[in-house]
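J.: Generate the whole structure from the sequences, applying the supplied hints.
Number of protein chains: 2
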Amino acid sequence: MEVVRRNFKDTLPLISDSIEKADFLSIDTEFTGLINGRDVSIFDSPEDYYLRCMNGSCEFLLIQFGLSAFYWDEKEKHYMNDTYNFYLYPRGRPGPDRMFLCQSSSLDFLASNGFNFNKLIKEGISYMTALTETKLRESLTERQQTYGTREKDPVRIPDENKQLIEDICAKVKNFIDNTTEKEMEIDKCNSFIRMLLFQELRIRFKDDVMVDTKILENKSRVLKVIRKTAGMSDQETMRKKREWDELEEAVGFSKVAKMISQSEKLVVGHNMLLDILHTLGNFFQQLPPDYNSFKEFTHCMFPKLLDTKYMSSLPPFKDKLGSSVLTELLSTLAEPPFSIPKVGCVEGRGYSNLKDKQHEAGYDAYITGLCFLAMHAHLARMRGDHSERLVPQSATLKPFLNKLFLAKTARQDSPYINLTGADPTPSRDHVFHLVFPKEWQRNDLNQLFSPFGAITVHFLDETSAYIGLERREQAADVMRALAKNARVTLTPYYKYKSYGSGDAEMALRSDRAKSDTYKLIAKTEMKSRQALTRSNLTSSWTSPQARQPLPQKVSRARSNSTSLTSPPVATRKRTSSGVFQVDESEPLAKKPEISPSPPENPRTSAEAQRTNAEATRTRAEPTNGRKKTDSAETGKKDTVTKKKDSPEQKKDKIEKIDTKKDKVIEKFDSKAKSNCVTAFKESDSWD
Amino acid sequence: MEVVRRNFKDTLPLISDSIEKADFLSIDTEFTGLINGRDVSIFDSPEDYYLRCMNGSCEFLLIQFGLSAFYWDEKEKHYMNDTYNFYLYPRGRPGPDRMFLCQSSSLDFLASNGFNFNKLIKEGISYMTALTETKLRESLTERQQTYGTREKDPVRIPDENKQLIEDICAKVKNFIDNTTEKEMEIDKCNSFIRMLLFQELRIRFKDDVMVDTKILENKSRVLKVIRKTAGMSDQETMRKKREWDELEEAVGFSKVAKMISQSEKLVVGHNMLLDILHTLGNFFQQLPPDYNSFKEFTHCMFPKLLDTKYMSSLPPFKDKLGSSVLTELLSTLAEPPFSIPKVGCVEGRGYSNLKDKQHEAGYDAYITGLCFLAMHAHLARMRGDHSERLVPQSATLKPFLNKLFLAKTARQDSPYINLTGADPTPSRDHVFHLVFPKEWQRNDLNQLFSPFGAITVHFLDETSAYIGLERREQAADVMRALAKNARVTLTPYYKYKSYGSGDAEMALRSDRAKSDTYKLIAKTEMKSRQALTRSNLTSSWTSPQARQPLPQKVSRARSNSTSLTSPPVATRKRTSSGVFQVDESEPLAKKPEISPSPPENPRTSAEAQRTNAEATRTRAEPTNGRKKTDSAETGKKDTVTKKKDSPEQKKDKIEKIDTKKDKVIEKFDSKAKSNCVTAFKESDSWD
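Those protein sequence lines, which keep their order, are chains D and V. Under numbering that gives the first Met the number 0, think of the first position of the first sequence as 0, with each following residue one higher. Under numbering that gives the first Met the number 0, think of the first position of the second sequence as 0, with each following residue one higher.
Derived by calculation from the structure, the hints in this document are not laboratory data. A hint or two may mislead.
One copy or any two copies: either way a pair holds, since identical chains are not told apart in the list.
[Stated by the list, open to error] Derived lysine to aspartate or glutamate pairs resembling EDC-like cross-links, with alpha carbons at most 16 Å apart: (1) K187 x E327; (2) K118 x E334; (3) K76 x E387; (4) K437 x E141; (5) K407 x D38; (6) K317 x E235; (7) K121 x D107; (8) K317 x E159; (9) K319 x E159; (10) K437 x D422; (11) K483 x D72.
T.: As structure tokens, this is what we get:
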């Protein structure tokens, strides 16, 4: 089913139910572009691959998310699917006004495949990272505390506006005294006049009317004067409620992403690296520049991932499949020796047959699930297992789990990122960096290497390329033969990377810091001075070089989103009204040197902490607010639950068990390899 | 009328006619965002303003252009309008695959006002800068010269593909021998197989069929095998023609922009600074980081600009207009003492009445023209002139010409950029830079300054702001009083700018160099090694610091677009087949030191020139290929025509009159103040 802004809130319980009952989920996403800047090279390592994608892809916008939940129908003995196709568009207010990149060819491609951009922009569901959400919640809570204090310090009405204000007040007086209508509108006022009217009408007619802003279809604003009636909540309460509702709407799809993460279900995708990067970066947290942190972060958020493109690249599928392009894979898998298992759906909740809705994220997620089921069934049959139902933790699936396919380097023996262990480290002894004259074409290169057999060429620019030998044993001969050639410069790949690319990779990492994300936030900041410091919002990952050892003892705030680890920040909890309250934590043990002046008002403590956070350059924690259902391990509510660690890994970890009653601790430790520490509190779940 | 991809080519002659007959043109544009990064401050100088906009706006995409041509109906004695609303979308291939920024709130705003994004992406007309166009023409010419040479060096068919190729060749053989159909399609081949088939089918069936690629609605590609018939052009000629047609389509709207520029007609806009920046930067040339170059460049491209927002901000309009927002301006001007003159239109060619099509660029351009006519008529009546027809060079309009309104600084006495003279230099003696404690709010600032009267505040971040005093004479007292205040740091504005912002402005300029434009190009380059060097495409303006004196004598290529000035580049001319040919120019007098190796093939000369161009870091020349109709001044065809210079300005200019018969010289000298040197040759006009 299609989910847009209008039906999102009502659909959330259905989505939650679908995820809950599913044996596995399959996903697909669409974005506004693929890569900005230099693309991955065919000889890149998994780490290079990640860094290129992180730098080149993350400024594009995720605009559609397909989610297919496959659940078992015990009576009919086959799978059913609930499939959702979400149009996603973060539209600013109260969220940040996003700046994002588009690639003209990508939009062209999507439009040709029926993507509806008008629907996207008008009806897309909003989203934001967990960090932004936390900050907005804090900032709104803070701002709402100032309501009611404004009247004490009214703005003087400039002489030139006095007559207009008087005229409008007279109209409102007339509305109150001489009519019975519920509302009146005041239009054609600029923002300054609206502000003056807010103030004046409140002073003069507080007991009779409430004043509110109404945004018209064309985005212009008018004032709405509403007659007060018995039993009506007061203006401030209504306004606060509306602001929280708006914030919830702006958080939007991030809630679904969290549900998926919290479910810890098997998540299947086809060629899913970019899907995962966008999912993490848009709904959870900016991607880390450190590769190992990324692997951990991903595994923490999605502990069971399976890439059908990787699966199809291995025996017994590899030789039987002509192409692993999704639709072609599906049609091959529909014919012997394979078959697509029967999958049903409840009317209106999923797909029931194969229609050509290719490149609609929901449909692609659905057929990814079908391909997965077909391949799984084939493997099971080979093992003599004829049960149709899948066991996500079965040995059959184990070789494919948590490996993200690397389409562009797979043919050069670097076929995946292994999220839970070491990556393949294929030899690059047969690869060289070559500098050649500008006028040379591909044929000139072939000719140069013709004595040594065929070559693979990856052009870097007009005068340089990586060259891979097909006859790898020729590497030494090539080096010897071409060393004397004055027109070219040949350097072994590793050597070139070690002096050339050490810098380049650093540049890749620090590129991130200069990225537009900084600029994006700037505007929001300027507009709302009560908002967040830039460093908090964007510098949540520091480069490995910049890392300082973590303080041994830190008290960590519970969050269902993300916050800085240390030093301690205020404890927040959601009250029954849906409002997050900020309880100030204990004073800091040590004040940083650069603190500008002693704390003087209630905001100062949190500010000093921010300053301290900047000074000590701590890492941020990505969390998913995951609901751990296996908290039995700790035997105790409100304490840390962690997965089994290897002894070495345990050594690396420092944890403080926070015993405060209403806190839940979550930790993402990027030094520990592939471990998550999460905790769970019933009242804490998202919906 | 609405102009999209489908009807663009057929509409071009109509547009040309409209521009030709018009007394004046009015324009409006829509973009995907307004500003990225820090916005203009209310105390900014015109130069600051320009730099902020240049850096913050130019990565957004121009997506709609409205053009309204007002021409006089002598019989009916009133104006008529031809109005065009162009949807614009540069879609890559053969143009560059554009990366562009969007601002989520801007798209939201456009969608709310009925902007059709599906139409934009599917039917938008392409465009590119003149520099890109030149390079693409050169590159295509070069590539086409290699056609026919490829067969000599065929690609070996890998064993695994042999059977497939044989099967398909058999099918084609059957098509040739046993059917009478004109075409057959070969689908489901990847690009490698298509390449092999191109080669094999050509070798085997050259005399019977032609092979072409066809792009389907969903962007997938199939091969088309076409039976040869008598009188059919050969495959290569057809392919070349198609490639030139595609290039012409990709140049697209830039042709209209050039027509407007070449017409030298009065161009009217409302709050037109961003319209002008986008028009110049997207259709002509990347904006220069040097402010004076920008002023010159703009004046050269559009010698008569008029901003109705500026006009309405001056007497006699200022006090009579409540708001200068376009639609409100229009409704005020419809009432006494003003009136909107009658404006007609030929059915289907323009607007005939006022419908609420606000924020459609065509409509906004039209009502801008109406407002202009109403204000002009009012001024004329005040002078006792009751003729309805406008004289663009009349004294009435002179005070308003070539001044771009600066909406955000107008209230601080910096209301415009003067394109043909010095800008206003209002005092900033009453302005201060203030650093204050983080917890301070606006009220705290008001209180701090309360002994000195009201203040204007422009927040820079959480702890700093510019403060302007309303009682300007208090400046010295303020400085004295607050110097002792330990909680704030007050610095006079000029002092702050001189040490703080000197650097900042440099950063603004060099930001440009690091901008995404670089990345954008990278991909195109990687894909087509025959394409252009990055430096040529993007570094067309160098910073004033990097400038070297120009060589005194340079031979300059004629261009109807843009090319590097010096050193000499190849002479291009368009042949009757629409193909640009490159005649190599005379060898370079002096070879640059860094030239890697002696010229060895026909491409080398041009390459050496590129290298030389980089080495000497010359400036680029923006040109509009403007058709000068007043070339009588020089009395001689094919020589330089220049506008009247002041004696000082003349001194600054060095010109070489090129006497070569088939060359047309255009010069944009950024050292000369507000002068253009243009030349004209009949056969050189664009359409």
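J.: State for each hint whether it applies.
T.: For each hint, the structure was consulted:
1. When the C-alpha separation of K187 and E327 is checked against a cutoff of 16 Å, the pair qualifies only between copies, where the shortest distance is 9 Å, while the shortest distance within a copy is 58 Å.
2. When the C-alpha separation of K118 and E334 is checked against a cutoff of 16 Å, the pair qualifies neither within a copy, at 37 Å, nor between copies, at 40 Å.
3. Within a single copy, K76 and E387 get their C-alpha atoms as close as 8 Å, which meets the 16 Å cut-off; across copies the closest is 84 Å, which misses it.
4. Proximity of K437 to E141 under the C-alpha cut-off of 16 Å is restricted to the inter-copy arrangement: shortest distance 15 Å between copies versus 61 Å within a copy.
5. When the C-alpha separation of K407 and D38 is checked against a cutoff of 16 Å, the pair qualifies only within one copy, where the shortest distance is 10 Å, while the shortest distance between copies is 41 Å.
6. Within a single copy, K317 and E235 get their C-alpha atoms no closer than 64 Å, and across copies no closer than 40 Å, so neither meets the 16 Å cut-off.
7. In the homo-oligomer, the alpha carbons of K121 and D107 lie at most 16 Å apart only across protomers (7 Å), although the nearest pairing inside one protomer, at 19 Å, exceeds that limit.
8. In this assembly of identical chains, K317 and E159 lie within 16 Å of each other by CA distance solely across copies; the values are 14 Å between and 79 Å within a copy.
9. Only between protomers do K319 and E159 lie at most 16 Å apart by alpha-carbon distance; the minimum there is 13 Å, versus 81 Å within a single protomer.
10. When the C-alpha separation of K437 and D422 is checked against a cutoff of 16 Å, the pair qualifies neither within a copy, at 36 Å, nor between copies, at 47 Å.
11. Proximity of K483 to D72 under the C-alpha cut-off of 16 Å is found in neither arrangement, the shortest distances being 71 Å within a copy and 79 Å between copies.
When each numbered hint is compared with the structure, violations occur for hints 2, 6, 10 and 11.
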